[in-house]
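Numbering (the working numbering), first residue to last: 1 to 62.
Bear in mind the hints are in silico, worked out from the structure with no lab data behind them. Careful, some of the hints might be misleading.
[Unchecked claim] The calculated label-pair distances, taken between Cβ atoms and stated as ranges, are:
1. F50 with K18: 43 to 53 Å
2. P52 with S19: 39 to 49 Å
3. N7 with L28: 28 to 38 Å
Every value quoted in this text rests on a predicted model; they were computed, and no experiment measured them. Ideal Cβ placement from N, Cα and C applies to all residues, glycine included.
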Amino acid sequence: MLRGHHNLMWSFTRSFVKSFKRPVFIYLASLAVTVQIFFAALFYIVEKNFNPAVATFFDALY
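Build out the structure end to end from the sequences listed, making use of the hints.
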């Protein structure tokens, strides 16, 4: 029982790590980061004069 579970988890972990190298994952991850940076920049441009808590771009990114 324990050996079967170990083999199952090792197989799952190996396939999970391999999935990070797939082009679909790389595309979706880069798209997500690009969208987040775009909206953070938009938020910074809109809020920097009105919101004192947004002092730098990194405040908007956070």
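Results for each hint:
1. F50 with K18: 43 to 53 Å: This hint holds: roughly 47 Å between Cβ atoms.
2. P52 with S19: 39 to 49 Å: Holds, at about 43 Å.
3. N7 with L28: 28 to 38 Å: holds (29 Å)
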